[in-house]
Amino acid sequence: MRRLANAVVSLLVLLLGRGRRRPRGAERLVKEQPPNLAAELGVLALLGLSSLSALGFVLVYAFAEDIPAATQFLGLTLGLALILFAFALVVVGLKLVPTEELAEEYPPHEHPHEQQVIAELVEEAGSGITRRGFFKLGLLGAGGALSLAVLTPAVSFGPLFRVGDFLRTPWRKGKRLVDESGRPYKASDIQEDDFYLAFPEGVGSAGEEQMAASLVLVKLPVDQLRLPAQLKGYDAHGIVAYSRICTHAGCAIELYRAPLYQPDEPKPALVCPCHYSTFDPATGGTVTFGPAGRDLPMLPIYEDSSGYLRAKGNFDGPVGPSWWGVRMWKAQP
Amino acid sequence: MSKAPLTRRSVRWLDQRSASAPLLRKTLRYLFPDHWSFLLGEVALYCFVVLVLTGIYLTFFFVDSTKEVVYHGHYAPLYGQQMSEAYRSVVDLSLQTRAGLLIRQTHHWAANVFVAAIVLHLFRVFFTGGYRKPRELTYWLGVTMLMLVLLEAYLGYSLVDDLMSGMGLVIGYSVGLSIPFVGQNLMNWIFDGMFPGSARLWPRMYIAHVLIFPILIGLLLGAHLLLVALRHHTQFRRKKAQTERTIVGVPLWPGQTPRSVGLALGTAGFLFLLGGLVEINPIWLWGPYHTYASTNGAQPDWYLGWLIGGLRLVPSFDFTIGHYTVVPNPFWGGAAFPLVVFGFLYFWPWIERRLTGDDAFHNLLDRPRDAPARTAIGIGMITWIVLVFLAGGADRTFILFGISYTAQIWVYRVIVFVLPVVFGVAAWWICKELQASERVVRERHEAEAEARLAKLRG
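If you read the sequences in order, they're chains A and B. Numbering-wise (the working numbering), the first sequence opens with residue 1 and increments by one. Numbering-wise (the working numbering), the second sequence opens with residue 1 and increments by one.
With the rest of the complex left out, here is chain B (with noise of 0.2 Å):
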């Protein structure tokens, strides 16, 4: 008796032991429409695995004690220094262990990749309005994952204990400690005193870099994953079929399954080329931190670049009632700006849905210029960020083409307010105009058929 051949085996194997068949059945043909930005999510997915095997192998090498040593290893500018074991033991890692240096760059690069896709997937379900009904839970998951993607990025950073991460770490602390009523007993609470803490602060965010934020962000992405795989992928109108009742797309097998490996191994291949090939944060260089010591020209990773500007931007006041302190000034730029724009991404598809009345169903996808008002307001959104972005690197900006520092900071102070208003007005009337253009189209279309309609009936 000949055997059956070694797939059917393997399932009826399977199946048998699971009963999987008819779920396993229905995911390899699970539908996938064919769109390049339906890929930017993907991307952020497979940097987080990168991200979490990168970082375990990080984890046998990492020290997170700040207890004091002398560092005595190959780096002579740091030879005889005073140090912490977690600042020496990053420093080693770097420069005595074979391909810690790649793998410790390759995560770094990594981070920055996935703040930077989540990004850029998060605009192309906004203009797109991707989290409309049925899929704004899956919406609110993404960006809850995009906030704590964003702590857990500066934990990594502050780790290190080198210089510029001890001082992004005095900042947070300052922006924790300038919450109204409650930041200096939260901050006293975190760190276990007054800055820079207590020995206990280290193992505390170790833990929350390495277990409980990953957890969280892993957690939700299943969810996440797991919602947008039971309403279906939503889907642009490109062809005909294609409806708010009928989805084409390719089929995860065999169509889809080689694509998406085959952009896994490359997002991989990608950063480790960058890992390897293109030096990011060379803690070696900054030395470590001291409370008293800080550098200028400090530039933090870029997704933290947007918080910087909301600090430098805002003038010089503390909100008092006469001698009592109520907002020391960190608070502006560094919460109360995060919050508002985290609460604008919270609440738009509420406002929307407020403003539109429209509480369909939608499975097909707007262009940006369908919806020129939900255009204009992510634009505005965005030009705004992006300016305050901008006003962090003013210091880079002096030092390149040698504008006045203050000066623009000035210019930066006004256009912040105004420039959104431009932008977003200027969005709204480009999508009107795109609208109009393919209305035009339409209807020459319609009629030159209707005339060769009427030619031909004489």
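Here chain A stands alone, though its shape is the one from the complex (with noise of 0.2 Å):
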């Protein structure tokens, strides 16, 4: 082992070792090292090691469609060709180039003379200017004037005081519910203890991705709805239907917590995986845990005569997460 050593460092030698001859006499400005053979060794392996990985990498992405957990290989090649390398340069950094530590002056606090300097300079250069005050009025107001003009085009990133739309749905008196197929809803397809996702019908994929267009569909015991006198008569024999979007920060109402052991959890529940707002479907929506600040608007639905489900009116109350001044205003068609 020893002697193969010995011999891949002489052909080495021989190869790349040119004499350096250094000019006697002069000082060395780095501290000189002493020799480390096995360190040396040791780099080169690292270095070695390294392109072998790296080249590995090549030939893994080259028949990535035959290997299988091509990533991870891809990773491993990559990755492990890099931190060879850094092994190889650490090791050159602690044992073959020299760490002693110098020490030099921090730079001075301040440079006194050149401050003057600076400060007179700006000075000297706007004396000739008698009326100072207007000069610096008129630059100020320019400048300001300008700046205001070269921000002005930016008004047109979007309708800044157009907020009326936060306030649309697209719910008439009469829109049928649909589901994500566009198929009808009738009143004897929603069962208890399940939840349903509805859309007004003939919206459109685009139509159904409005804050306003999706429901959520619950049916409670008629006798354990309490709806408030506002909310007298928005369930169609049971069948409550809110607005699919939390008040709180826009998620969607995607949990139904509809005990099956009522000791644990006593009433159902309408809840937003984001934050956990929980809203009671049988109170109108309102809110009995969580963040969120609102209730859940309500859209009143009724059964017709053929038994499909269709929309009474408009939501109780504007859709989606609150904004200043939210509670003003009503839900809109």
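Everything labelled a hint here was simulated from the structure, so no lab data went into it. One or more hints might be untrue.
[As the list claims (entries may be wrong)] Covered by chain B, according to a simulated footprint, are these stretches of chain A (three or more residues, beta-carbon under 8 Å):
| hint | stretch |
| --- | --- |
| 1 | 73-80 |
| 2 | 161-167 |
| 3 | 208-220 |
Beta carbons: idealized from backbone N, C-alpha and C, even for Gly.
Put the two chains together into one complex, using the hints given.
Put into structure tokens, the structure is as follows:
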């Protein structure tokens, strides 16, 4: 082993090493570092392994289609190539180059002379101007006006003041409630302890993305409904429809807690999985837990003579996350 | 005539053309005081480099459009589903492009490690008083970069348009909407209409993510490093020679160069290992986002956990006057909370100077025990943020340990105000005790030396 190492080193010295002569007597700038053959060999070995790993990456890439878990092997080979290279450099840093610590002065705290020169340059440049106050006013005024002008086109980014959209919904009196595939819901489709996603009929896939389009439908026993006076008659024989968008941060109400074991969680609840705002479907979407500050808007519905569910009007309040002044408004068609 | 060696010829060539030899010479002998904690900022820098390089690769595949398309790719569970072009391009990049998933996951991991490295670097600077005069400006640039990096990372997460990213985006939108008096108009302006915005939104977010924010961060980073170099690095007092006036360290060349380049390559290697071996954000499993869809158990990247916690902890209320909503709920957890944290970070150097009256130049760093009050306040702040962060994971705790979510939230609502004080006081006490024990050792040494001297004198 020792012989082999010697042979490799002699070969490398022959191939790469060229005699370097240092001018005699000249003082060194970098402290002399005693040679460390083991460390040099270690570095060469690490660099060799790094090269192999890097080439391995190229190979894995070339045959990626045939290799299961190609991503893992790609990461492994490239990562190892980099890390082995890094180790080689760390050995260089610790063993092969001098790591002496030097001392020097920190820069001075300040440069009073230069400060004064700069200040004088600034001041003297304007000494020929007599109406200083007006001059400053003029510069500030022009600068301000120009900034305003430059920023003005940014107003086109979006409708700053067209906020009526926040109140508009695609719901109209008589609109049928349909499911994701556009099939109209019948009252008989809605089962207790389950919950349903509904849209207004005929809005298309883009229309379904509107915040005010989607509904959550659940059915409660009629005797469990405790709707407040202003929401009386919003349900269709115990089927209640609420906006699917949480009034807190706009996520979709995707959880229905319909307790099968009453002592644990006594009441059914609609829950938003983002921050666990919890709404009571029996009392008109009032908040029972979590951060939402406003009830879930309720859509009045009825069952028509053919058994289909239809909207009776519009939501009892604006849909979606709240903004300043939100409670002053009503949902609009 | 023999030619001069290559090194000399290159240096000469460069100096003749750039007149930079004096500067280069100074740079090569720039001193780096030696301490492991001084490498945290470097790690952050190398993460940024990896992010830029992997990010450029990703731009060659990403499509910044929310146009609805139908998926007909290789991944069967999504086959035939409606999705945006943006989401489809990332699914294709992940599942049908060689090395695509490696680069994407490395990019995502690099973002996570980047923020972690910045935060640890900030802790180091805070607890050692590294921000004190004359380095306040460097510190303020750093805090600003942290804020930009959080926004940048959030934009990158949102761009993919999978279910999780859409949920994150609508939460951010709602927080913006909750800003009193201007939120609705501001969000209308940025999103070009009500959520989910117009077709212009995605190109906007994209250009912000790949151009505007990276350039801002890069410029601030350059200024940050320039200021560090001009004032030179701070140091701990580990040797007698290390004083407020004299810096002791390893010169850039030759001592520091292999270490720093090694650290850069090592960081990159670590990130590629993570990117290849540890799955992160498997977006094909989440599915495309629709406003009417969400999922339970969603957790954001770690650096947004404190904001989720903040949003979840606030009890149900909007600040209203009569029937007029002034401040909707998400403002408190999503906007006011981070504003307080960043406000604290920005104002702290100034507050400390007011409290201590210390206006001197500092090149020597404190150890945390040397400034018990600062350490106590820092620990209190960290406790506060970590508790809010943990509250953001209360649903995970519920699933893992079966502790009622509601009960946990109520406990957190109390302890986020109590424990920071307790931990802060504890930290202050520990600092004082450490100081006292050092004093004991020092006095004993002095007494022993004196005794020896007395004995010698007979």
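Hint by hint, here is what the structure shows:
Only residues whose C-beta sits within less than 8 Å of a C-beta in chain B count toward coverage, and the stretch 73-80 of chain A has 7 of them, enough to reach three; the restraint holds. Counting residues of the stretch 161-167 of chain A whose CB lies closer than 8 Å to any CB of chain B gives 5, so the stated coverage by that chain holds, three being the minimum. Only residues whose C-beta sits within less than 8 Å of a C-beta in chain B count toward coverage, and the stretch 208-220 of chain A has 6 of them, enough to reach three; the restraint holds.
In terms of the numbered hints stated before, the structure departs from none.
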